[in-house]
Amino acid sequence: MIPEIGHYALVLALLLAIVQSSVPMIGAARGNAAWMELGRTAAYGQLLMVGTAFAALTYAYVVSDFSVLNVVQNSHSAKPMLYKVSGVWGNHEGSLVLWVLMLALFGAAVAWFGGNLPPSLKARVLGVQGMIGVGFLIFMLATSNPFIRVFPVPADGNDLNPLLQDPGLAFHPPFLYLGYVGFSLAFSFAAAALIEGRVDPAWGRWVRPWTLVAWSSLTLGIGMGSWWAYYELGWGGWWFWDPVENASLLPWLAGTALLHSAIVVEKRDALKTWTVLLAILTFTLSLVGTFLVRSGVLTSVHAFAVDPERGVAILILLLLATGGGLLLYAMRASSLKVGGLFAPVSREGALVLNNLLLSVACAVVLIGTLYPLLLDSMTGQKISVGAPFFNATFVPLMIPLVAVMAVGPLLAWKRGDLAGALGRLKFAALVTVVCVLWALYINGVKPVMALVGIAMAAWAFFGAVAELADRVKLFRIPLGQSWDRAKGLPRGAWGTTLSHAGLGIAIAGMVGTSAWLTEDIRVMNIGDTASVAGYEFTLEKVESGRVDNYTTETGTFLVSSGGDFVARLHPEQRWYPVARMETTEAAIHTTFYSDLYAVLGDRSEQGEGWVVRIYHHPLVPWIWFGAIVMVLGGLVSLSDRRFRLGVPVRRAAKAPAAAAQPAE
Amino acid sequence: MPRLILFVPFALFLVLVGYFAVGLTRDPSELPSALIDQPVPQFELPPVQENGQGLATADLKGGVQLVNVFASWCAPCRIEHPLLMRLAKEEGVTIHGIAYKDKPQDSQRFLAQLGNPYQRIGADLDGRIGIEWGVYGVPETYIVDAEGRIRYRHVGPLMPFDLDEKILPLIRELQK
Numbered sequence: 001m002i003p004e005i006g007h008y009a010l011v012l013a014l015l016l017a018i019v020q021s022s023v024p025m026i027g028a029a030r031g032n033a034a035w036m037e038l039g040r041t042a043a044y045g046q047l048l049m050v051g052t053a054f055a056a057l058t059y060a061y062v063v064s065d066f067s068v069l070n071v072v073q074n075s076h077s078a079k080p081m082l083y084k085v086s087g088v089w090g091n092h093e094g095s096l097v098l099w100v101l102m103l104a105l106f107g108a109a110v111a112w113f114g115g116n117l118p119p120s121l122k123a124r125v126l127g128v129q130g131m132i133g134v135g136f137l138i139f140m141l142a143t144s145n146p147f148i149r150v151f152p153v154p155a156d157g158n159d160l161n162p163l164l165q166d167p168g169l170a171f172h173p174p175f176l177y178l179g180y181v182g183f184s185l186a187f188s189f190a191a192a193a194l195i196e197g198r199v200d201p202a203w204g205r206w207v208r209p210w211t212l213v214a215w216s217s218l219t220l221g222i223g224m225g226s227w228w229a230y231y232e233l234g235w236g237g238w239w240f241w242d243p244v245e246n247a248s249l250l251p252w253l254a255g256t257a258l259l260h261s262a263i264v265v266e267k268r269d270a271l272k273t274w275t276v277l278l279a280i281l282t283f284t285l286s287l288v289g290t291f292l293v294r295s296g297v298l299t300s301v302h303a304f305a306v307d308p309e310r311g312v313a314i315l316i317l318l319l320l321a322t323g324g325g326l327l328l329y330a331m332r333a334s335s336l337k338v339g340g341l342f343a344p345v346s347r348e349g350a351l352v353l354n355n356l357l358l359s360v361a362c363a364v365v366l367i368g369t370l371y372p373l374l375l376d377s378m379t380g381q382k383i384s385v386g387a388p389f390f391n392a393t394f395v396p397l398m399i400p401l402v403a404v405m406a407v408g409p410l411l412a413w414k415r416g417d418l419a420g421a422l423g424r425l426k427f428a429a430l431v432t433v434v435c436v437l438w439a440l441y442i443n444g445v446k447p448v449m450a451l452v453g454i455a456m457a458a459w460a461f462f463g464a465v466a467e468l469a470d471r472v473k474l475f476r477i478p479l480g481q482s483w484d485r486a487k488g489l490p491r492g493a494w495g496t497t498l499s500h501a502g503l504g505i506a507i508a509g510m511v512g513t514s515a516w517l518t519e520d521i522r523v524m525n526i527g528d529t530a531s532v533a534g535y536e537f538t539l540e541k542v543e544s545g546r547v548d549n550y551t552t553e554t555g556t557f558l559v560s561s562g563g564d565f566v567a568r569l570h571p572e573q574r575w576y577p578v579a580r581m582e583t584t585e586a587a588i589h590t591t592f593y594s595d596l597y598a599v600l601g602d603r604s605e606q607g608e609g610w611v612v613r614i615y616h617h618p619l620v621p622w623i624w625f626g627a628i629v630m631v632l633g634g635l636v637s638l639s640d641r642r643f644r645l646g647v648p649v650r651r652a653a654k655a656p657a658a659a660a661q662p663a664e
Numbered sequence: 001m002p003r004l005i006l007f008v009p010f011a012l013f014l015v016l017v018g019y020f021a022v023g024l025t026r027d028p029s030e031l032p033s034a035l036i037d038q039p040v041p042q043f044e045l046p047p048v049q050e051n052g053q054g055l056a057t058a059d060l061k062g063g064v065q066l067v068n069v070f071a072s073w074c075a076p077c078r079i080e081h082p083l084l085m086r087l088a089k090e091e092g093v094t095i096h097g098i099a100y101k102d103k104p105q106d107s108q109r110f111l112a113q114l115g116n117p118y119q120r121i122g123a124d125l126d127g128r129i130g131i132e133w134g135v136y137g138v139p140e141t142y143i144v145d146a147e148g149r150i151r152y153r154h155v156g157p158l159m160p161f162d163l164d165e166k167i168l169p170l171i172r173e174l175q176k
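Heads up: the sequence lines are chains A and B, in that order. All residue numbers for the first sequence refer to the numbering used here, where the first residue is 1 and numbers rise by one. All residue numbers for the second sequence refer to the numbering used here, where the first residue is 1 and numbers rise by one.
Hints are computed from structural coordinates only; laboratory data are not their basis. Incorrect hints may have been included.
To be verified - Examples of chain A residues lying across from chain B (beta carbon under 7 Å, computed):
{"no.": "1", "residue": "Leu233"}
{"no.": "2", "residue": "Leu315"}
{"no.": "3", "residue": "Leu319"}
{"no.": "4", "residue": "Leu326"}
{"no.": "5", "residue": "Leu327"}
{"no.": "6", "residue": "Ala333"}
{"no.": "7", "residue": "Ser335"}
{"no.": "8", "residue": "Pro344"}
{"no.": "9", "residue": "Thr518"}
{"no.": "10", "residue": "Ile521"}
{"no.": "11", "residue": "Val611"}
As the list claims (entries may be wrong) - Once the Cα atoms are required to be at most 20 Å apart in a straight line, the calculated EDC-like pairs of lysine to aspartate or glutamate come out as:
{"no.": "12", "chain 1": "A", "residue 1": "Lys541", "chain 2": "A", "residue 2": "Glu585"}
{"no.": "13", "chain 1": "B", "residue 1": "Lys61", "chain 2": "B", "residue 2": "Glu165"}
{"no.": "14", "chain 1": "B", "residue 1": "Lys103", "chain 2": "A", "residue 2": "Glu37"}
{"no.": "15", "chain 1": "B", "residue 1": "Lys101", "chain 2": "A", "residue 2": "Glu585"}
Claimed, not checked - In silico negatives: residues of chain A with every beta carbon more than 12 Å from chain B:
{"no.": "16", "residue": "Gly237"}
{"no.": "17", "residue": "Leu397"}
{"no.": "18", "residue": "Ala419"}
{"no.": "19", "residue": "Val431"}
Since we're looking at a predicted model, the values are computed, not measured. In this text, a Cβ means the ideal position worked out from N, Cα and C, and glycines have one as well.
Make the full structure from the sequences, and use the hints.
This is the structure we're talking about:
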């Protein structure tokens, strides 16, 4: 009964989405307030219905209802409750329900918080959001219905892929989706603005908080995903340039660019057509990511639900959404009024450069991800493009990006003083040089790229700190007054500082572990000691055990350094009988500036001892610490009260129609 | 701004969709049809170990054999490795390896630690032979019949159910 309620709720949600996508649109065109207002009701109703469907599916998982095919395929009665629940979105059908739930959530959020939007714009945003909902709900009901029953009812299920039975993975897809789907609002705002034929600073101010929500969630999701790969897959790496990872990086890069260009729209009324295009493209990349992961066009270590039929459906969705958006753009963008002027050296100029570099980086990742597909369709050759391609193309683009990142916020709008800005970064430059010399002293000249990387990290971090210090006039006025200034700074300024500093921290982590990693793979017996990067690892014992739905072999390592106790590590091998799969649980000891990472492998060929992998990862925790600081920056910016104020500034004073202003 | 420029993103997007559509018509988990049931490509690879045997076209005749493309840097290869060991030891299947874009010393260390299920291993240092075979990514596994024709291709790590449901039944059938 409950699954039928869920199924029925999805159908009702589709009907409501159809209402939401049409009635407010027509209302906005005709100026009918009641019709426009219906968009809000429909958005709430859609959220309620999709929420009901999601709850019904979750219920089926929680009670292990094996009359539902989706539960049979992805769950098992002996599975811990946490993974029964996370199993809901650990598969194609369920993750689509989560996706649509978020879509409805964002729609309802606009209906709820959009009180300060002009009614016609709000109606159109909700309308476009409704259209996306219609597409996804039809897709789900037609090709990926999670509520299909099976008969006869099997005794038990097939279990969730054990690799996915991990807290990191249980919670990273929801954040990833929150990010992907969050960009749908930027898309809806862009489409609505094109239909209205108007983008003004107020539009930038409405789009930005929603983009910030999406960007922060996506950053957190990507961070959690790479953390999961790092500790769960047991191969000691954290980023693989795998198509699925790239699928989340693409909208992140475009979203980061959008976040910055929307500032220019808001503050300076410039870059409007570009920002609108970027909003369309960012959501497109979210959809492309979905397409790549689910269609079977690209195979990947962790692509799931590979099914060409679904691929066709997503491709049609992509064609309608993005094709429609871009066609609308092509026809209407020229009606957007051109905004303010600025010199190349200015805050706007720096943000344009930021956008160029991020867009090129995005294109590079897209090409690297799609190249195998293109080659296949042209010549029939099947190849894969690996990390070397991305390291050779992506990294060089990040160097100027970081270089400009510290300078940009110090430049004035419209016409900046580059010498002055650089002058105020003297301290940051000095500390950067010290950091590089320090790295040189500890690790030597090789690899040279590592020194460049450390310079980037330090410049990003101390540049952000210097900018903040400059704003509060640190050491130039009494400390008390600086403190007062700091308290008075807009939250957005704090957000910028935090995010930029967080990126610096993360870069340091990436560089440290890529360049100075020490790895040792060997066979160890009980009592053996291995020495890695100045630490002694002694294998004390290996014990067998049984937990819930798997059996374990747990090793105990005593780690010491120069005779002093450092830690005891307990890496584990797990065997999941239902899925007939083995997983490794790495044991990680984290200190402030490095990770000690141990993996217990199989018994060795000769029957004595275990294959053991030990890593020393310098600075690796900083990757995720940096990501958290970036997300924190996003959240602090989001709390800026400017975003919650009505924005009547320019709406009242309409610019004279033919004010001659050169192109942006 | 000339209005035509505004259509450029739309046009580029259509090209992209076209490529996706073409990509969809191909199933990446199958070989390009041209290679299925065709003789294995002509190739000759040097050995990974100094005193070991390399791998060449001529070695793949006379008996049903598996060719597994692997690399020490590939995480899923480690996951599927115990299954290859099981195939070689318990099922008595002949497995040859192609070490794809891997330094010989890294391959050697990989095998020394995890065990060596391969009879012969060819070192495909620059990935050229991988292209000949149509290797899409590692790991990848091919079944070659007694006449040296490719009969099956598996992309990605082998899972226990792949062995039981596809690989072993097909090997048994080909051996008849």
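Quick rundown of the hints versus the structure:
{"no.": "1", "hint": "Leu233", "in the structure": "holds (6 Å)"}
{"no.": "2", "hint": "Leu315", "in the structure": "holds (5 Å)"}
{"no.": "3", "hint": "Leu319", "in the structure": "holds (5 Å)"}
{"no.": "4", "hint": "Leu326", "in the structure": "holds (4 Å)"}
{"no.": "5", "hint": "Leu327", "in the structure": "holds (6 Å)"}
{"no.": "6", "hint": "Ala333", "in the structure": "holds (5 Å)"}
{"no.": "7", "hint": "Ser335", "in the structure": "violated (10 Å)"}
{"no.": "8", "hint": "Pro344", "in the structure": "violated (19 Å)"}
{"no.": "9", "hint": "Thr518", "in the structure": "violated (15 Å)"}
{"no.": "10", "hint": "Ile521", "in the structure": "holds (5 Å)"}
{"no.": "11", "hint": "Val611", "in the structure": "holds (5 Å)"}
{"no.": "12", "hint": "A:Lys541 to A:Glu585", "in the structure": "holds (16 Å)"}
{"no.": "13", "hint": "B:Lys61 to B:Glu165", "in the structure": "violated (25 Å)"}
{"no.": "14", "hint": "B:Lys103 to A:Glu37", "in the structure": "violated (66 Å)"}
{"no.": "15", "hint": "B:Lys101 to A:Glu585", "in the structure": "violated (28 Å)"}
{"no.": "16", "hint": "Gly237", "in the structure": "violated (7 Å)"}
{"no.": "17", "hint": "Leu397", "in the structure": "holds (20 Å)"}
{"no.": "18", "hint": "Ala419", "in the structure": "holds (33 Å)"}
{"no.": "19", "hint": "Val431", "in the structure": "holds (36 Å)"}
Hints 7, 8, 9, 13, 14, 15, 16 from the list above are not met by this structure, while the remaining hints are.
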